[in-house]
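Colleague: When you get a sec, could you build the whole thing from the sequences and use the hints?
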Amino acid sequence: MLNLAAILRESATRRPQAPALLHDGGMMTYAELDARSDAVAAALLARGVGPGDPVALQAPNIPDFPVAYYGILKTGAVVVPLNVLLRAPEVAHQLRDSEARTLITWVGVADEAARAAAKADVPDVFVINAVADSPGRPFHELTTPVSDPVPLAERAPGDVAAIVYTSGTTGLPKGAELTHFQMYMNADIPGRLFEIKAEDVVLTVLPLFHVYGMSSAMNLGIRFGCALSLVPRFTPEKVLTAIERDRATIFDGVPTMFGALLAYAEDHPCDTSSLRVCVSGGDAIPAQVFDAFEKRFGVPILEGYGMTETASTITFNPSPDDRRAYSVGKPVWGVEVQIWDEDGRRMPPGRSHVGELVTRGYQTMRGYHGHPEATAEAFASGWFHTGDLGYADSDGFLFLVDRKKELIIRGGYNVYPREVEEVLYHHPGVREAAVIGVPDERLGQEVKAIVVPRPGHTLTVAELVEYCRERVAAYKYPRLVEFRDTLPLTGTGKVLKKDLL
122 MLNLAAILRE SATRRPQAPA LLHDGGMMTY AELDARSDAV AAALLARGVG
172 PGDPVALQAP NIPDFPVAYY GILKTGAVVV PLNVLLRAPE VAHQLRDSEA
222 RTLITWVGVA DEAARAAAKA DVPDVFVINA VADSPGRPFH ELTTPVSDPV
272 PLAERAPGDV AAIVYTSGTT GLPKGAELTH FQMYMNADIP GRLFEIKAED
322 VVLTVLPLFH VYGMSSAMNL GIRFGCALSL VPRFTPEKVL TAIERDRATI
372 FDGVPTMFGA LLAYAEDHPC DTSSLRVCVS GGDAIPAQVF DAFEKRFGVP
422 ILEGYGMTET ASTITFNPSP DDRRAYSVGK PVWGVEVQIW DEDGRRMPPG
472 RSHVGELVTR GYQTMRGYHG HPEATAEAFA SGWFHTGDLG YADSDGFLFL
522 VDRKKELIIR GGYNVYPREV EEVLYHHPGV REAAVIGVPD ERLGQEVKAI
572 VVPRPGHTLT VAELVEYCRE RVAAYKYPRL VEFRDTLPLT GTGKVLKKDL
622 L
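Sequential numbering from 122 applies to the sequence shown in our numbering.
It is worth saying that the hints were derived from the structure and are not from the lab.
There may be inaccurate statements among the hints.
What the hints assert, rightly or not - List of simulated lysine-lysine pairs, PhoX-like, C-alpha gap at most 25 Å:
| id | residue 1 | residue 2 |
| --- | --- | --- |
| 1 | Lys451 | Lys615 |
| 2 | Lys525 | Lys615 |
| 3 | Lys359 | Lys416 |
| 4 | Lys615 | Lys359 |
| 5 | Lys451 | Lys318 |
| 6 | Lys526 | Lys619 |
| 7 | Lys618 | Lys525 |
| 8 | Lys451 | Lys525 |
| 9 | Lys526 | Lys451 |
| 10 | Lys526 | Lys618 |
| 11 | Lys525 | Lys619 |
| 12 | Lys615 | Lys416 |
| 13 | Lys526 | Lys615 |
Stated by the list, open to error - Restraint-style ranges between C-beta atoms, simulated for each label pair:
| id | residue 1 | residue 2 | range |
| --- | --- | --- | --- |
| 14 | Gly147 | Ser515 | 47 to 53 Å |
| 15 | Asp561 | Pro493 | 35 to 41 Å |
| 16 | Glu387 | Thr581 | 22 to 28 Å |
| 17 | Glu584 | Asp309 | 45 to 51 Å |
| 18 | Thr581 | Pro493 | 26 to 32 Å |
| 19 | Glu387 | Glu498 | 43 to 49 Å |
| 20 | Pro576 | Arg487 | 43 to 49 Å |
| 21 | Met468 | Leu601 | 30 to 36 Å |
Each residue gets a CB set at the ideal place from its N, CA and C atoms; glycine is no exception.
Modeller: Here you go:
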């Protein structure tokens, strides 16, 4: 038996009065979180929800998310976390695809969620923080306290604990089936790598509906009995305020967050002395941002790499004393990674040997829910194909180059967008940059840069083209440059390149 909710039950047993959740409204202890999730579990069981039943959960980083999340797991049901930024047609697709019959949503998106539930024929909709005119039924109907702890439903390690949908940056989202064992290990192993302690405070701004925030912040923190400092929505001011208020020791983020914090801190002094380590994932962090952040805040960044399908960790830099700057680290315990060429042959180490990263081990999903053909394609030759390009150095550290689907082929030459983006990030007038390939009749594709200037800087197309031309090969530099006020981002802060085309 292995029910992932055991991580909460065990921490509540060991440290009942320790803070589990810190938030704008106060604090919730481990005993309270365990009891409140028991109430949700008992109410769901009374309504016929049981082992294997998908239950959708849509909420920002507020205390009700972990309360509902662990309550669902305690029944043996399957959590289906949904992005709060999705529109009704997108929510309806994920409800139908996951076969969820119950939706727990949040008042801020309740109208959109209710329309989606109606389209997907989902009969039971509960609304967190419901008001008088909210659709569905108030979530508090599921939170009546119970006198005795709810026994954890018996689940096999290979049973599905969650169906988490891919971000859909390159196509229609698919639901990755993540098991109880897989998710437990993805909380346990990374925490051990950077020696997390019960006294740590994890700044939790990564969305809990995304696998990175769910596994590497929430489940990891609960597994080791830490306090989670919840920030519902990322802004530099809110994050820095929470770090100072709660004396956060660990910050997990994506590259855009580190860049935004760096820019904000230039004019807004703050006390971040409590931080002992930062973790970056979700995308490759630009070297300029990496170096400037460590210098400004005096805290090391440990970069890792993972995917929704791997729940979430594949590789990690083990510690501040054992890392390789700009690398995503080495495979974590029990995980294998190789670099393959287009013919499925393993490539030797070295920067000149770029290929696709393939992986296998306990961390890979069981499959895409209801999509056996896509599952078979992803696991061709017995390894999970990540779709990411990279190389390994002679010591086994892995370096990401780009997404395979984002590779630009200009006149027969391969152009890796990230390489050009790194150059642009070093320009003092560039705040954010994304490089894409656009159709070209003569060359097949042309290189285009979309740039967000830093406040107070005036940039020209000719200036940036020349800046890049002096620093990369002739076939790599962008001939096209477009200026924008912002870049489109997913709910987790990753640049949505398909919206730039």
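Colleague: Hints first: check each against the structure and report whether it holds.
Modeller: Verification of the hints:
1. Lys451 x Lys615: Cα-Cα ~22 Å, so holds.
2. Lys525 x Lys615: 16 Å, holds
3. Lys359 x Lys416: 21 Å, holds
4. Lys615 x Lys359: At roughly 19 Å apart (the allowed maximum being 25 Å), lysine 359 and lysine 615 satisfy the hint.
5. Lys451 x Lys318: 22 Å, holds
6. Lys526 x Lys619: 11 Å, holds
7. Lys618 x Lys525: 13 Å, holds
8. Lys451 x Lys525: Holds, at roughly 20 Å.
9. Lys526 x Lys451: Distance of about 23 Å is within 25 Å: holds.
10. Lys526 x Lys618: 11 Å, holds
11. Lys525 x Lys619: Measuring from Cα to Cα gives roughly 14 Å; hence the hint holds.
12. Lys615 x Lys416: This hinted pair holds, its Cα atoms lying about 24 Å apart.
13. Lys526 x Lys615: Holds, because 15 Å separates the two Cα atoms, which is no more than 25 Å.
14. Gly147 x Ser515: 47 to 53 Å: 52 Å, holds
15. Asp561 x Pro493: 35 to 41 Å: 38 Å, holds
16. Glu387 x Thr581: 22 to 28 Å: With a Cβ separation near 24 Å, glutamate 387 and threonine 581 satisfy 22 to 28 Å, so the hint holds.
17. Glu584 x Asp309: 45 to 51 Å: 50 Å, holds
18. Thr581 x Pro493: 26 to 32 Å: Violated - the Cβ-Cβ distance for threonine 581 and proline 493, about 52 Å, lies outside 26 to 32 Å.
19. Glu387 x Glu498: 43 to 49 Å: 46 Å, holds
20. Pro576 x Arg487: 43 to 49 Å: 47 Å, holds
21. Met468 x Leu601: 30 to 36 Å: 32 Å, holds
Comparing the model with each earlier hint shows a violation of hint 18 alone; every other hint is respected.
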